[in-house]
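Listed here are the chains, written in short residue letters.
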Amino acid sequence: MSIAVLLKQVPDTTAKIAVSGGRVDQGSVSKWSTSPYDEYALEYALQLKESGAGDLVAITCGPARSSKMLTDAAAVGVDSMLHVEVDTSEMDSKQIQSILAAAVKHCDADVILCGKQAADTNSGSTGPGVASLIDAACVGMVSEVSVDGDGFSALRGTPTGNERVVVSRPCLFAFDKAATELRRPNVKGIMMAKKKVIETVSPGDLGVDIGESGIKINAHDSPPEKPPGQKFEGAESVSTVVTKLREEANVI
Amino acid sequence: MVEYEAPLRDYDFLFNEVFDVTPTIKRLGYDFDEDFLSMLAEGWADHAKEVWLPINQLGDRVGLKFENGEITMPQEFKDAYKQGIEGGWFSTSTKPEHGGMGAPIFFQSVIWGEIATATNMAMSVLPALTLGVYDVLNEHGDQVLVDYFSSNLAQGHWAGTMCLTEPHAGTDLGIISSKAIPQDDGSYRVTGTKIFITYGEHDMTENIVHLVLAKTPGSPEGTKGITMFLVPKYLPKDWKSGDLDGLSHDLMQEHNGVTCAGSEEKMGIHASPTCVMNFDNSVGWRVGDLHTGMKLMFQMMNQERLATGIMGLGLAEIAYQNSLAWAKDRRQGRDLRGPKDPKEPADNILVHPDVRRMLLEAKVNNEGCRALAAWTGILLDQMHSDDPDEVEYASSLVALFTPIVKAHFTDVACETASTCMQVMGGAGYCTEYAVEQFYRDVRISKIWEGTNGVQALDLAGRKITQNMGKNLRHLMWPLTEFIEENRDIPEMLEFNKPLHQGVRGLQQLTLLMIAEGQANPHFLAAGATDYCRYFGNVLLAYMWAKMAKKAMEKKGDPFYDAKIASARFFFKRIYPETVSLAAKIQSGHKSVMEYPTEMF
Ligand SMILES: Cc1cc2nc3c(=O)[nH]c(=O)nc-3n(C[C@H](O)[C@H](O)[C@H](O)COP(=O)(O)OP(=O)(O)OC[C@H]3O[C@@H](n4cnc5c(N)ncnc54)[C@H](O)[C@@H]3O)c2cc1C
Chain A
1 MSIAVLLKQV
11 PDTTAKIAVS
21 GGRVDQGSVS
31 KWSTSPYDEY
41 ALEYALQLKE
51 SGAGDLVAIT
61 CGPARSSKML
71 TDAAAVGVDS
81 MLHVEVDTSE
91 MDSKQIQSIL
101 AAAVKHCDAD
111 VILCGKQAAD
121 TNSGSTGPGV
131 ASLIDAACVG
141 MVSEVSVDGD
151 GFSALRGTPT
161 GNERVVVSRP
171 CLFAFDKAAT
181 ELRRPNVKGI
191 MMAKKKVIET
201 VSPGDLGVDI
211 GESGIKINAH
221 DSPPEKPPGQ
231 KFEGAESVST
241 VVTKLREEAN
251 VI
Chain B
1001 MVEYEAPLRD
1011 YDFLFNEVFD
1021 VTPTIKRLGY
1031 DFDEDFLSML
1041 AEGWADHAKE
1051 VWLPINQLGD
1061 RVGLKFENGE
1071 ITMPQEFKDA
1081 YKQGIEGGWF
1091 STSTKPEHGG
1101 MGAPIFFQSV
1111 IWGEIATATN
1121 MAMSVLPALT
1131 LGVYDVLNEH
1141 GDQVLVDYFS
1151 SNLAQGHWAG
1161 TMCLTEPHAG
1171 TDLGIISSKA
1181 IPQDDGSYRV
1191 TGTKIFITYG
1201 EHDMTENIVH
1211 LVLAKTPGSP
1221 EGTKGITMFL
1231 VPKYLPKDWK
1241 SGDLDGLSHD
1251 LMQEHNGVTC
1261 AGSEEKMGIH
1271 ASPTCVMNFD
1281 NSVGWRVGDL
1291 HTGMKLMFQM
1301 MNQERLATGI
1311 MGLGLAEIAY
1321 QNSLAWAKDR
1331 RQGRDLRGPK
1341 DPKEPADNIL
1351 VHPDVRRMLL
1361 EAKVNNEGCR
1371 ALAAWTGILL
1381 DQMHSDDPDE
1391 VEYASSLVAL
1401 FTPIVKAHFT
1411 DVACETASTC
1421 MQVMGGAGYC
1431 TEYAVEQFYR
1441 DVRISKIWEG
1451 TNGVQALDLA
1461 GRKITQNMGK
1471 NLRHLMWPLT
1481 EFIEENRDIP
1491 EMLEFNKPLH
1501 QGVRGLQQLT
1511 LLMIAEGQAN
1521 PHFLAAGATD
1531 YCRYFGNVLL
1541 AYMWAKMAKK
1551 AMEKKGDPFY
1561 DAKIASARFF
1571 FKRIYPETVS
1581 LAAKIQSGHK
1591 SVMEYPTEMF
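The listed protein sequences correspond, in order, to chains A and B. If you're matching positions, the first sequence starts at 1 in the numbering used here and goes up one per residue. If you're matching positions, the second sequence starts at 1001 in the numbering used here and goes up one per residue.
Don't read these hints as lab results, they were simulated from the structure. Where is the CB? At the ideal position from N, CA and C, for every residue including glycine. Any given hint might turn out to be false.
[Claimed, not checked] Interface residues of chain A toward chain B, partial, derived using beta-carbon atoms under 8 angstroms: (1) D72; (2) L182; (3) R183; (4) N186.
[Stated by the list, open to error] Not everything, but these chain A residues come out facing chain B in the computed CB check (under 8 angstroms): (5) A75; (6) V86; (7) S89; (8) R184; (9) P185; (10) I190; (11) M191; (12) K194; (13) K196; (14) K244.
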């Protein structure tokens, strides 16, 4: 059995997002990146692989451009890559979960790592959704995971502090931000990644019938512009700042 | 906070859209595609930004320490260098059999070079010199030398230097006095003093491999009598005599008669050692044939000259980015046509035409130089083609472009760094903002690897007539074809027409330089620097016209619209200097040479 990490390609957090015709204009996004929480999932997936928990496959479900992200993952050490090539922009969470669950089964993986939510939709449903479809234990808000005997030990955040849980296979970990350094690809990794072939399939190839979307997106809108920040200089502005913090920002 | 974003979008535009590099590189036998290029570029940009940039200022302030003949580098530099080796970032273009990655040369020479020098110029010269030594050795060294030294050089475990300059012999290397005495066992004993040797001594690597120019007994006068020798700082532990066949890489404790007598205090690159090196009966081996030293060193120098031009670009780019970031926050004065931000006490300084002029001169020159660098980088790969015609074409153009890339890029870069400082007013002069460091660091680029004056002479006196004028012909053919192709395209008129005029001017000036220069070499030498700048401008004009043409295909997208606006700025506000340059060249040498020397 192997380990799978689920990755989603999203507009980079520094990219400008334009809306046109009621939809985010994907063509105008200057830079696409791996969703930040997924990067932590990838880092811990690599650590699990290195401690002998199994081979690691990176899976994504998205349009053709997402394959670059899988090659990036290969450059840091992922063994194989599966790309379910499909336009997900009008799909609902359930459809995407069923594709990913089928992809996980296709790869024979029983330990799954993913981000707790994607940086574009922020819906947070993928991890728990996939876990329930494949009948796996689901641990959310994870900031650390390691091999523990036949199972795994994970640290997860709760409103009152951290909790350490131990689970056995099959299981899914949905990652929060973690206190670990993310590894960067080196030249050797990049050369190796170039030689690895991405397995590209359609949902049909995996035998999933995704049905109709249960949700219809009416329109995307840009968020209202934030009011400009205010700058205060010198000791004489302290009382103004205090008043503003108390009366406008309601923080003190 | 020092700002820096590697110009990855620009590389993508240049390599993939303007020059469509993938088919060429695949044809040359590389397993290569766009994704691979972007991964390497992003990977290196991340590494340089995270590991090199944060210690650049420290290198400037703390610098190196010289004590008892030894140079100690800041610990942070040693750590960063080690990380670079581990990541394979110094071995992208070296051969796989030496532990290198065998990636195309253009990545290392252009993208690696620009990002490296921008983020930490003092550090960047160490791997750059090492690679130069590796390349010369592999092309011309005996197999035993190649076998012994290549792997450690290819991966950066050992460092390299080039030792040409002596106290009395800088530009004029024909008069060097370092000596090499042949021994019965085939080795030589090298004795002499070299000065200004970059990374001549340091503790970043366990061994340092010097390529030393010296003369053997009875060799001809001048540069014709110079031979190249490889002299390591430490010899192999088990070496007694003869060659290095089969010896281990464990080193002797005692140095090989190679000592450092001091390191210069200087204006910039404080963390790059500039050493006085003494070779005292040091064991060395000949590289290449007797009396071919200058030719071989020129091969290395040509590579370093291109690297130096790109170094100018790297520093000009980071200077621009930092002055721009500062300018975007600075409010002074009002837009002359009425306040832009009436609610604020003053408008942002980008409302002022003069500030915009300065920033645009910097940006547009940088992007133009980057395009020419990209083209030159691809030509470096084409020089290794199996097709002799392609090799001849690429070699001719690289020969022609080398002095221009070195001199024009670094002249413009020094002006750019100064202009960027000017954008920032008093803050630009203060150490708190990094631009003053970039201004100091970049200044050496006009001097080393042959001063820019010498580059101009190389262009005007050698490169344009070399190979019966073939170098120039290889440029003029595609250039005139491009002009013809665009003659009837209305949107291209504003770029194509001045380009055509400049090319005609260049042809006339070239004829003038050759004809008058034959009659009187002072004519040629007096006009060489202006001629080189004229030539640089024409090449950048060609680059801008090409970029504008490409950008027109995607009009409406801000990136491409900006390229067209930049091309417009270049032709309207930078390129017209060719008119005054032509006038200066045509005025000849008399006002220069007839000036009474005693009145200086
Ligand atoms: C920081 C630093 C690092 C260096 N690193 C190295 C290194 O690693 N290895 C190495 O070998 N050297 C190195 N050098 C030396 C450098 O390459 C020389 O300083 C440079 O080539 C100029 O030589 P010079 O200083 O003797 O100047 P000079 O040759 O004395 O030149 C003085 C002036 O005369 C002009 N001039 C000289 N000859 C002519 C001519 N024939 N026609 C027209 N004009 C002429 C020059 O352009 C210059 O303006 C380094 C220098 C510095 C400052």
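- Against chain B, is A:M191 within 8 angstroms by beta-carbon distance? Constraint on A:M191 satisfied, holds at 6 angstroms.
- Message: Checking hints one by one. Is A:P185 an interface residue toward chain B, by the C-beta closer than 8 angstroms rule?
- Response: Check passed: Cβ of A:P185 comes within 5 angstroms of chain B, closer than 8 angstroms.
- Message: So, as I understand it, the hint says A:R183 touches chain B; can you test that by seeing if any CB pair is closer than 8 angstroms?
- Response: violated, 10 angstroms
- Taking the least C-beta to C-beta distance, is A:A75 closer than 8 angstroms to chain B? holds, 6 angstroms
- Query: When the nearest CB of chain B is found for A:I190, is that gap smaller than 8 angstroms?
  - Reply: holds, 5 angstroms
- Query: Is the shortest C-beta separation between A:V86 and chain B less than 8 angstroms?
  - Reply: violated, 20 angstroms
- Given A:K194 as an interface hint, is the shortest Cβ-Cβ distance to chain B below 8 angstroms? holds, 5 angstroms
- Task: Report holds or violated for the interface hint on A:S89, using the least CB-CB distance to chain B and a cut-off of 8 angstroms.
- Result: Violated - the Cβ of A:S89 stays beyond 8 angstroms from chain B, reaching only about 21 angstroms at its closest.
- Tell me if A:R184 is really an interface residue toward chain B, meaning its C-beta lies closer than 8 angstroms to one of theirs. holds, 5 angstroms
- Once the shortest beta carbon distance from A:K196 to chain B is found, is it less than 8 angstroms? violated, 12 angstroms
- Minimum Cβ distance from A:L182 to chain B below 8 angstroms? Not OK, violated: A:L182 not within 8 angstroms of chain B, min 10 angstroms.
- Task: Identify whether the interface hint at A:N186 stands, where standing means a beta carbon of chain B within less than 8 angstroms of its own.
- Result: holds, 4 angstroms
Hint check: violations occur at hints 2, 3, 6, 7, 13, 14; the rest are consistent with the structure.
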